[in-house]
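Got chain A; can you put chain B on it based on the hints?
The lines below spell out each chain.
There are 2 protein chains.
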Amino acid sequence: MINLARQQIEALMDYDQAARLIEDAYRATSLGKVNLPPVGHIVFPDHDGDCHIKYGHVEGDPVFVIKVATGFYGNAANGLPSGNGISLVLCAQTGAVTAVLHDEMCMTDFRTAIGGAIATRLLCRTGAERITVVGTGVQARRQIEAHARLMPDRQPEFQVWGRSAERAALVVDELSDLGLSVVVTEDLEEACRSSDIVVTTTASTTPIIQHDWILPGTHITAVGADAPGKQELDTRLVAKADRLIVDLRSQCRDHGEVATAVRAGVVDADQLVELGDVLDRRKPGRTEDDQITIADLTGIAAQDIAMAQMVVAAFEDGLGIMPEDVLKS
Amino acid sequence: MINLARQQIEALMDYDQAARLIEDAYRATSLGKVNLPPVGHIVFPDHDGDCHIKYGHVEGDPVFVIKVATGFYGNAANGLPSGNGISLVLCAQTGAVTAVLHDEMCMTDFRTAIGGAIATRLLCRTGAERITVVGTGVQARRQIEAHARLMPDRQPEFQVWGRSAERAALVVDELSDLGLSVVVTEDLEEACRSSDIVVTTTASTTPIIQHDWILPGTHITAVGADAPGKQELDTRLVAKADRLIVDLRSQCRDHGEVATAVRAGVVDADQLVELGDVLDRRKPGRTEDDQITIADLTGIAAQDIAMAQMVVAAFEDGLGIMPEDVLKS
Chain A
2 MINLARQQIE ALMDYDQAAR LIEDAYRATS LGKVNLPPVG HIVFPDHDGD
52 CHIKYGHVEG DPVFVIKVAT GFYGNAANGL PSGNGISLVL CAQTGAVTAV
102 LHDEMCMTDF RTAIGGAIAT RLLCRTGAER ITVVGTGVQA RRQIEAHARL
152 MPDRQPEFQV WGRSAERAAL VVDELSDLGL SVVVTEDLEE ACRSSDIVVT
202 TTASTTPIIQ HDWILPGTHI TAVGADAPGK QELDTRLVAK ADRLIVDLRS
252 QCRDHGEVAT AVRAGVVDAD QLVELGDVLD RRKPGRTEDD QITIADLTGI
302 AAQDIAMAQM VVAAFEDGLG IMPEDVLKS
Chain B
2 MINLARQQIE ALMDYDQAAR LIEDAYRATS LGKVNLPPVG HIVFPDHDGD
52 CHIKYGHVEG DPVFVIKVAT GFYGNAANGL PSGNGISLVL CAQTGAVTAV
102 LHDEMCMTDF RTAIGGAIAT RLLCRTGAER ITVVGTGVQA RRQIEAHARL
152 MPDRQPEFQV WGRSAERAAL VVDELSDLGL SVVVTEDLEE ACRSSDIVVT
202 TTASTTPIIQ HDWILPGTHI TAVGADAPGK QELDTRLVAK ADRLIVDLRS
252 QCRDHGEVAT AVRAGVVDAD QLVELGDVLD RRKPGRTEDD QITIADLTGI
302 AAQDIAMAQM VVAAFEDGLG IMPEDVLKS
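Protein chains in written order, with this note's numbering: chain A, 2 to 330; chain B, 2 to 330.
Looking at chain A on its own, in the form it has when it is part of the complex (with noise of 0.2 Å):
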């Protein structure tokens, strides 16, 4: 039985591994080959409060992997994150537990992110350089570094955008460590016309994303809109895309930014094409440097299997260290 606490988890982090693992989760996924039953769901309206349970499994893998979150939005104003969670990895063979991953929601906003990155490289134009992020949470410091080590032939420049100018400078202070390109802006439009990829990651139920702002050739990766209700991109953008790529077509039926554009009957569900397929060419992602692409990403199950997978594998190889006072705390 592997026991791991958060510290643990993030010392074991490997983005380009996590990455790979995570791309043939998504072929798995639009190959049929993942068992993903409905996601589990039970709200606390009292706290403002929600647990989804998400679990699934790939076709021939030795374990499977159930994945416990929890968002309490009444949380920040007592200083504690609104994010949390927990994994369970079990054989696939005996039903034995055999690791607990106490990530503490860390597992979910690495996989998010490396799933923006892993769209946002396959889909962006040629020489695509300049990244607009959209929001100040975790998810926009994560997103910057996934594209930061998953881009490594292109030296990106990042610009943060934030309702609080003052937020979005703490990204920025918070990743000076990093070495990479990093500034604040505070003109939305100016930013988004002036750069080739927009990530966004807010959990906004309005668009912030004027369809004006975005020219040709520009590339989206919408991470924010990952439940019903959530909207960060104006739904004229939406429909002007040239390529729409989601995670998954049967959720982003109903969750995500495409979701709206659907509804509004602006956009058609056979156009959504799969990220899976992509990856694996059965479907054309951006054909021509003048086209706008979006991928709509509400987050997937097969995602959280590959994470707990990279995990557990690189602590059986020894790459972890397992401090007993960490997993009494």
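Be careful, since some hints might not be right.
For chains that are exact copies, the list does not tell them apart, and a pair is met inside one copy or across any two.
Unchecked claim - In silico lysine to any residue, SDA-like type, Cα no more than 20 Å apart, as pairs:
#1 K34 <-> D49
#2 K231 <-> L37
#3 K34 <-> D51
#4 K34 <-> H48
#5 K231 <-> G138
#6 K241 <-> Q292
#7 K34 <-> V44
#8 K34 <-> P46
#9 K284 <-> L181
#10 K241 <-> A12
#11 K241 <-> D174
#12 K241 <-> H212
#13 K231 <-> T261
#14 K34 <-> S251
#15 K34 <-> R237
#16 K231 <-> P46
#17 K231 <-> G266
#18 K284 <-> R126
#19 K284 <-> E317
If you're looking for bench data, these hints aren't it; they were derived computationally from the structure.
Positioned in the frame of chain A, the structure of chain B alone reads:
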């Protein structure tokens, strides 16, 4: 964060306290005070296995519970138990994980047995002491223990029947330390005819107990049929019962003994009475000594919540020990 291994959980087990909490759980369920989302389920046909995720929250409780239980029925051939599992306790105000209970299915076994004994003591007739237990698995042992502990004012005499008399003798042997009256019976019909109480615990898919074996005044607690397709009682027996008590009406319409009888049209779903309503005296249980009563229990998440809370409270009261070497195993 509390992290308990199976041995610790077994050491913390308090039948009386668990029974009090589980009775409250049945009451709260029947009053509609428990949020019980649909049970999660994933199957592993290649290994004759499945996994259930039961979770829920009792209105006003400071915590909620997610219970993962697996059954891999090929394990026995390799000398492994078929059942396994883990329970998570989370704060209903912040979403933080407060306890991980590595119970390996033992909490499910306890709560099922306690639920059975609660139903029996509530519904059996005055002076009932002769109990036939059908089955020779873990649940047969647990039911005998729970019935003995939770009916301290009686002197129950147990007869155990199984398809293998050898395995039945093993149950008697294993319980010999408890100072109970437990013997093997090889004649199930005669045992049923001479018993006041029959407790069925098998995973049978064809009826074992025939309708004419059960005399007026008998109470039956059936816990084996916890999934669609399982059946221990002759449908005519269910039809002729005077009172049909279930743990959760919505669940018993497609799980358990009564489901078969309802589908066959010999029992009306309106006849089903919930255990919590009988405990609260909102609805009658047994009203005459010569009635046949059946409690058909399929197991509900509210019991799992109660068990987890009992274990955590007992641990916090300092009743448990926490040897580090147990956790490392």
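Verification of the hints:
For the identical chains of this complex, K34 and D49 are inter-copy neighbours only, at 19 Å across copies versus 35 Å inside a copy, given an alpha-carbon limit of 20 Å. In this assembly of identical chains, the alpha carbons of K231 and L37 never lie at most 20 Å apart, being 23 Å within a copy and 26 Å across copies at closest. With identical chains, the CA atoms of K34 and D51 are at most 20 Å apart between copies only, with a shortest distance of 18 Å across copies and 29 Å within one. For the homomeric pair K34 and H48, the shortest alpha-carbon distance between copies (17 Å) is at most 20 Å, but the shortest distance inside one copy (38 Å) is not.
Taking the closest pair of Cα atoms, K231 and G138 come within 20 Å of each other only inside a single copy of the chain (16 Å); across copies the shortest separation is 50 Å, beyond that limit. Taking identical chains as interchangeable, the C-alpha atoms of K241 and Q292 lie at most 20 Å apart only when both belong to the same chain, with a minimum of 10 Å there against 72 Å between chains. Only between protomers do K34 and V44 lie at most 20 Å apart by alpha-carbon distance; the minimum there is 14 Å, versus 30 Å within a single protomer. Within a single copy, K34 and P46 get their C-alpha atoms only as close as 36 Å, which misses the 20 Å cut-off; across copies the closest is 14 Å, which meets it.
Within a single copy, K284 and L181 get their C-alpha atoms no closer than 34 Å, and across copies no closer than 70 Å, so neither meets the 20 Å cut-off. With identical chains, the CA atoms of K241 and A12 are never at most 20 Å apart, being 42 Å at best within one copy and 64 Å at best between copies. In this assembly of identical chains, K241 and D174 lie within 20 Å of each other by CA distance neither inside one copy nor across copies; the values are 36 Å within and 75 Å between. In this assembly of identical chains, K241 and H212 lie within 20 Å of each other by CA distance solely inside one copy; the values are 8 Å within and 70 Å between copies.
Only within a single protomer do K231 and T261 lie at most 20 Å apart by alpha-carbon distance; the minimum there is 9 Å, versus 44 Å between protomers. For the homomeric pair K34 and S251, the shortest alpha-carbon distance inside one copy (15 Å) is at most 20 Å, but the shortest distance between copies (33 Å) is not. Proximity of K34 and R237 under a CA criterion of 20 Å is satisfied in neither setting, with 34 Å inside one chain copy and 44 Å between copies. With identical chains, the CA atoms of K231 and P46 are at most 20 Å apart within one copy only, with a shortest distance of 18 Å there and 37 Å across copies.
With identical chains, the CA atoms of K231 and G266 are at most 20 Å apart within one copy only, with a shortest distance of 18 Å there and 47 Å across copies. Taking the shortest alpha-carbon separations for K284 and R126, only the intra-copy value of 17 Å comes in at or below 20 Å, while the best inter-copy value is 70 Å. For the homomeric pair K284 and E317, neither the shortest alpha-carbon distance inside one copy (37 Å) nor that between copies (56 Å) is at most 20 Å.
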